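Visitor: Chains as they are written, first to last, in the numbering used here: chain A, 1 to 332; chain B, 1 to 289.
Derived from the structure by calculation, the hints contain no laboratory data. One or more hints might be untrue.
Straight-line distance between alpha carbons at most 30 Å, and here's what the computed DSSO-like set of lysine-lysine pairs gives [unchecked claim]:
#1 K113(A) x K130(A)
#2 K93(A) x K139(B)
#3 K285(B) x K130(A)
#4 K94(A) x K123(B)
#5 K130(A) x K3(A)
#6 K249(A) x K320(A)
Here the structure is a predicted model, which is why all the values come from computation and not from measurement.
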Amino acid sequence: MGKITLTSVRKSFGEVDVIPSLDLSIEDGEFVVFVGPSGCGKSTLLRLIAGLEDTTSGSISIDGQDATDLPPARRGLAMVFQSYALYPHMSVKKNIMFPLKMAGMDVAEAEAKVANAAKILNLTNYLDRKPGQLSGGQRQRVAIGRAIVREPKAFLFDEPLSNLDAALRVNMRQEISELHQTLKTTMIYVTHDQVEAMTMADKIVVLNAGRIEQVGSPLELYRSPANTFVAGFIGSPKMNLITGAEAAKHSATTIGIRPEHLDIVADGPWQGVVGLSEHLGSDTFLKVAVAGMEPITVRAGGELNLHHGDRISLAPQAGKLHRFGADGKTLA
Amino acid sequence: MATAHSRTAARLMVSPAVILLFLWMIVPLGMTVYFSFLRYNLLTPGTSFAGLDNYYYFLTNAAFWDALVNTITLVVGVLLITVFGGIGLALLLDQPMWGQGIVRVMVIAPFFVMPTVSALVWKNMFMNPVNGMFAHIAKALGFAPYDFLAHAPLLSIIVIVAWAWLPFSTLILLTALQSLDREQQEAAEMDGASTLSRFWYLTVPHLTRSITVVILIQTIFLLSVFAEILVTTNGGPGTASTNIPYLVYAQSLLSFDVGGGSAGGIVAVILANIVAFFLMRMIGKNLDA
Ligand SMILES: Nc1ncnc2c1ncn2[C@@H]1O[C@H](COP(=O)(O)OP(=O)(O)OP(=O)(O)O)[C@@H](O)[C@H]1O
Ligand SMILES: [Mg+2]
Chain A
1 MGKITLTSVR KSFGEVDVIP SLDLSIEDGE FVVFVGPSGC GKSTLLRLIA GLEDTTSGSI
61 SIDGQDATDL PPARRGLAMV FQSYALYPHM SVKKNIMFPL KMAGMDVAEA EAKVANAAKI
121 LNLTNYLDRK PGQLSGGQRQ RVAIGRAIVR EPKAFLFDEP LSNLDAALRV NMRQEISELH
181 QTLKTTMIYV THDQVEAMTM ADKIVVLNAG RIEQVGSPLE LYRSPANTFV AGFIGSPKMN
241 LITGAEAAKH SATTIGIRPE HLDIVADGPW QGVVGLSEHL GSDTFLKVAV AGMEPITVRA
301 GGELNLHHGD RISLAPQAGK LHRFGADGKT LA
Chain B
1 MATAHSRTAA RLMVSPAVIL LFLWMIVPLG MTVYFSFLRY NLLTPGTSFA GLDNYYYFLT
61 NAAFWDALVN TITLVVGVLL ITVFGGIGLA LLLDQPMWGQ GIVRVMVIAP FFVMPTVSAL
121 VWKNMFMNPV NGMFAHIAKA LGFAPYDFLA HAPLLSIIVI VAWAWLPFST LILLTALQSL
181 DREQQEAAEM DGASTLSRFW YLTVPHLTRS ITVVILIQTI FLLSVFAEIL VTTNGGPGTA
241 STNIPYLVYA QSLLSFDVGG GSAGGIVAVI LANIVAFFLM RMIGKNLDA
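Turn these sequences into a full structure, and let the hints steer you where they fit.
Guide: Here you go:
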C-alpha cells in the first residue's frame, strides 16, 4: 500500500513562501516524477512528504491515515538522497542492514533480507567494502538497497542520478524502472532532467515556484501542455514559442510548435536563414532565423546537408500547433 | 611529475631547514646525555665521569615511582575530563542558539590564559581554604571549607589543567561535529534511528579521528605539565603532586645536581617515547584513510 494525499499543504521558510498551498494525490504503485527548474521547491515537497520538514499548514495523509505530525521513521517511507548519504564507516552490508537493526529485527532474518537485496542490486561481491571503495553507481545501489530492505510504503528519490555520468545515468534509470516493475511500490522521483521524467514516469508533476503547473502522463503533457511553462519545459529540444503578428494570425498571444513538428518544404509559410546547425548523426537541429519571429529550432533528418546561411522555408504540421492566451494558458 | 632529478633538487632545497631543526634537537639532547654521565653538582667544583650512577640513583629514588604514577594519573585524568567534557560542550555549542558567536569565543578563552596565571587564579580565588570561592560556598552551605591543594593536591591540579585544556578539545570536536553530513543524519532518522542511536552509530565514529588527535596532542603536552605544579603545590605535600618534569626540576635546580637532573631528563624522554609508541599502536590507526 502507498497512497499519499497532500491537502492544501503550505510551506514557508520565515517570510518566504516556498510552497503556497498545494493539493496532490499519489495512487498506490504509481511512479510519480516531480520536475521543475532549480529552486522551484521539488526537494522541499519531497522532504515534506518524508517528514524531514514540518508543514506550515495543510495535511499529509498516507494510506488514509493522517501523517502530518508523524516523525519520519513512523511514516514507513524510504528515501534515497542525492549525495547517497551512506554511513562512511560501515561496510556495505552494515549500511543496508542499519534500518533493520534499528527496527530491532532478528539478525538471521535481517541477513537474509540483506542478501536478497544485494542479489537484486548486484552488490553481493561488495558487501564487505566501505562506501569509500565503491564507484558512484555502486554507492547509488547501496543507497537503494538500504531503502528496499525496509519494504517501505513508498520510495522517495531526490535527484538520485545527478552525480553520475551520462552513460551510467541511462543504465541506472532503467534499473530503477525495472525495480519499480518488480516491487510495484509507489515511487516519487525528483529530477530536473525532463528526459528522466518522460522515460520513467507514470505521472509527471510539473512544478514552478512551488505551484503545480500540470499533472499528467508523459504523453499527455507532451501532446497537450496546459500552459506555456509546461510547453517549454517538457520536450527536448524545447518547443518554439512564437509571439507577435504570427501568433495574432492564429488569434492567440503565443503559439507553440515543437521542433519535430516542423517540415522543411519548397514553399512553406515561414521563410528563414539557417544559423547554427547541429549534426547529431541521427538528427540535425537547425536554428533558423525567420523575419518577425523568435529564432526557431527545427529537428530534421540526420543526413540533411544544410549549412549556415542557407535559405529554407518551413511549414508546421497540421494540428500540431499549440495556441496560448494572454495568461499563458492553452486556448481551447 | 616527480622525476629523480627534481626529487634530488627538492631534497637539496629543504635540507637547510631540516639540518637546522635537526641541530636544534640534537645539540641539547646530546649535551643532556653527556651531562647525565657526569658527576656534576653546582655546589662542588669540577666534574668527573660517573658512569650509570646518576641513572641508578634517579630510578631507585622512591620519589621517582611516585612521580611516575602521578604523571600517568595526571595525563589520564585530564584526558578523561577533556575528551568527555569536550564532546558534551561541543554538542551543546553545535545547537543553534542566540549569541552563539560570543559564547563560542568565551568557551575558547581559557586556552589563552597562561598556565601560571590560571593556576594562581584557581589557587587563590577558588581553592584557597580561607578566601576562596569554594570555601565561601562551603561555609554558606554550612560545611567546613576543604583545603583542596593540601588534601587533594593531584586532583586539584588535574582540575586546573583540565580547565585549561577543555577549550582545545571542545574546539577540535566542534569543528568535527560541524562537518558531520546532514543528509546522513536525515537518512538515519528515516531509517528509524533514535537520537541516541544516531549519536552512537554516526556521531561517535565520525568523531574518532578528532578524538585521536586530541588525545595525541594533549598527551604530549600533559606529560610535561610543570607551571601549574610549581605555582600551586610545589610538588607537595611530600611527593603527592610531583610529576616527572617537576622531579627533574627539583633534582637539578633545587639540589643543584646537574648530572642527576640530566639523567632524569633522559629517563623522561625515554618514557615519553614509550608512551608515544603505545599510543600510536593503539589509536594511531584511526588516523589512516
Ligand atoms: N532551509 C531553508 N531555509 C530557507 N529557504 C530554503 C530552505 N530550503 C530551501 N529553501 C528555499 O526553497 C526554495 C526551494 O528549494 P528546493 O531545495 O526545494 O529546490 P529544488 O526544486 O529542489 O531545486 P534543485 O533542483 O536545485 O534541487 C529555494 O528557493 C530555496 O532557496
Ligand atoms: Mg533539490
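Visitor: Hint by hint, which ones does this structure get wrong, listed from lowest number up?
Guide: The structure breaks hints 2, 4, 5; every other hint is satisfied.
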